[in-house]
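Taken in sequence, the protein lines are chains A and B. Position 68 of the first sequence, counting from 1, maps to 68 under the numbering used here, and the rest follow consecutively. Position 61 of the second sequence, counting from 1, maps to 61 under the numbering used here, and the rest follow consecutively.
One thing to keep in mind: the hints can contain errors.
So, partial list: chain B residues that the calculated Cβ filter (under 10 Å) puts toward chain A [what the hints assert, rightly or not]:
id : residue
1  : Phe-4
2  : Glu-10
3  : Val-47
4  : Ser-66
5  : Phe-72
In silico SDA-like links for lysine to any residue, alpha-carbon gap of 20 Å or less [to be verified]:
id : chain 1 : residue 1 : chain 2 : residue 2
6  : B       : Lys-8     : B       : Leu-23
7  : A       : Lys-13    : B       : Lys-8
8  : A       : Lys-5     : A       : Glu-29
9  : B       : Lys-8     : B       : Val-22
10 : B       : Lys-71    : A       : Thr-146
11 : A       : Lys-13    : B       : Gln-62
12 : B       : Lys-70    : A       : Asn-107
13 : A       : Lys-13    : A       : Ser-28
Simulated from the structure, these hints should not be mistaken for laboratory data. Glycine residues also receive a C-beta, built at the ideal position from the N, C-alpha and C atoms.
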Amino acid sequence: MAEAKALTVRTPKFGEIEIPEDKIVFFSEGIPGFSGIRRFAILEFEELAPFRYLQSLDDPPITLLIINPFLLRLGYEVQVEPGEFEDFRANDQSDISVYAVATIPENVANATVNLMAPILINEKTRRGKQVILLDSRFSVQHALLTPPGQDGARAT
Amino acid sequence: MLVFTRKKGESLIIGNEIEVSVLSISGGNVKVGISAPRQISVHRLEVFEAIQRENQAASSSQFPPSDVLKKFIR
Numbered sequence: 001m002a003e004a005k006a007l008t009v010r011t012p013k014f015g016e017i018e019i020p021e022d023k024i025v026f027f028s029e030g031i032p033g034f035s036g037i038r039r040f041a042i043l044e045f046e047e048l049a050p051f052r053y054l055q056s057l058d059d060p061p062i063t064l065l066i067i068n069p070f071l072l073r074l075g076y077e078v079q080v081e082p083g084e085f086e087d088f089r090a091n092d093q094s095d096i097s098v099y100a101v102a103t104i105p106e107n108v109a110n111a112t113v114n115l116m117a118p119i120l121i122n123e124k125t126r127r128g129k130q131v132i133l134l135d136s137r138f139s140v141q142h143a144l145l146t147p148p149g150q151d152g153a154r155a156t
Numbered sequence: 001m002l003v004f005t006r007k008k009g010e011s012l013i014i015g016n017e018i019e020v021s022v023l024s025i026s027g028g029n030v031k032v033g034i035s036a037p038r039q040i041s042v043h044r045l046e047v048f049e050a051i052q053r054e055n056q057a058a059s060s061s062q063f064p065p066s067d068v069l070k071k072f073i074r
């Protein structure tokens with residue numbers, strides 16, 4: 001019997017986590033802003049849904065809060081240049097997960113989501129890449145929350 | 001940094017596969033053409049830097065507060 005291999009990582013945010021080897025996502029080009037780190041895992045916590053975390057396994061303090069951008073209902077679309085993401089091409093699109101990186105500063109009202117550079121993960125090959133879209137409608141700092149006054153039903 | 005002087009229509013080659021051409025020069029603008037293998041991403045530096053900064057800011061984000069989470073549960 002082959003042993004199920006797992007990687008144990010001690011993280012500042014989530015304590016010790018165990019990542020089965022087949023859950024590791026490899027970013028061969030890394031992620032802009034963090035040099036030299038390639039291995040990540042998606043962490044899911046029921047109480048944080050629909051957000052998830054993209055946790056670096058090579059540099060544990062690095063975690064990115066991510067969300068499925070289609071949940072934001074902004075008419076978002078991801079048009080990737082052919083060849084931009086090798087694993088994206090010629091594959092069933094249903095194998096591809098799309099995430100946008102969210103930034104929640106101390107003043108939560110200023111929370112933003114990066115729609116210009118979504119993170120794509122091919123669930124079959126376990127490879128990921130942060131791609132840069134050429135569509136100028138989507139900015140790196142899109143407001144995550146509706147400003148007060150635009151959403152009358154919002155409770156505070 | 002390696003520095004070259006090129007005229008309009010002249011090119012540089014980086015490695016065996018990346019070609020950078022000066023297409024036109026007008027006023028303070030230089031139009032540059034790049035042919036590179038498809039897996040090489042080419043972007044304006046300021047766009048790439050904005051994404052680097054945003055990723056770093058995201059990494060020091062706080063946990064999403066529960067009222068934020070509630071907004072996305074439908």
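The hints, checked one at a time:
Taken as an interface hint, Phe-4 of chain B does not check out: its beta carbon lies about 27 Å from the nearest beta carbon of chain A, beyond 10 Å. Evaluation of the Glu-10 of chain B hint against chain A yields a violated restraint, the C-beta minimum of about 27 Å exceeding 10 Å. A hinted interface residue such as Val-47 of chain B counts as satisfied when its beta carbon comes closer than 10 Å to some beta carbon of chain A; here the least separation is about 6 Å, so the hint holds. For Ser-66 of chain B, the interface hint holds, since its Cβ comes within 10 Å of a Cβ in chain A; the closest pair sits about 8 Å apart.
With a least beta-carbon distance of about 5 Å to chain A, the hint placing Phe-72 of chain B at the interface is held under the 10 Å criterion. For the hint linking Lys-8 of chain B to Leu-23 of chain B, the alpha-carbon distance of about 6 Å falls within 20 Å, and the restraint holds. About 53 Å separates the Cα atoms of Lys-13 of chain A and Lys-8 of chain B, which puts this hinted pair outside 20 Å; it is violated. For the suggested pair Lys-5 of chain A and Glu-29 of chain A, the alpha carbons sit about 25 Å apart, so the restraint of at most 20 Å is broken.
Straight-line distance between C-alpha atoms of Lys-8 of chain B and Val-22 of chain B comes to about 5 Å, which keeps the hinted pair within the 20 Å bound. Straight-line distance between C-alpha atoms of Lys-71 of chain B and Thr-146 of chain A comes to about 10 Å, which keeps the hinted pair within the 20 Å bound. Straight-line distance between C-alpha atoms of Lys-13 of chain A and Gln-62 of chain B comes to about 10 Å, which keeps the hinted pair within the 20 Å bound. Between the alpha carbons of Lys-70 of chain B and Asn-107 of chain A the distance comes to roughly 17 Å, so the proposed pair stays at or under 20 Å and holds.
Distance hint between Lys-13 of chain A and Ser-28 of chain A is unfulfilled; the C-alpha atoms sit about 24 Å from each other, more than 20 Å.
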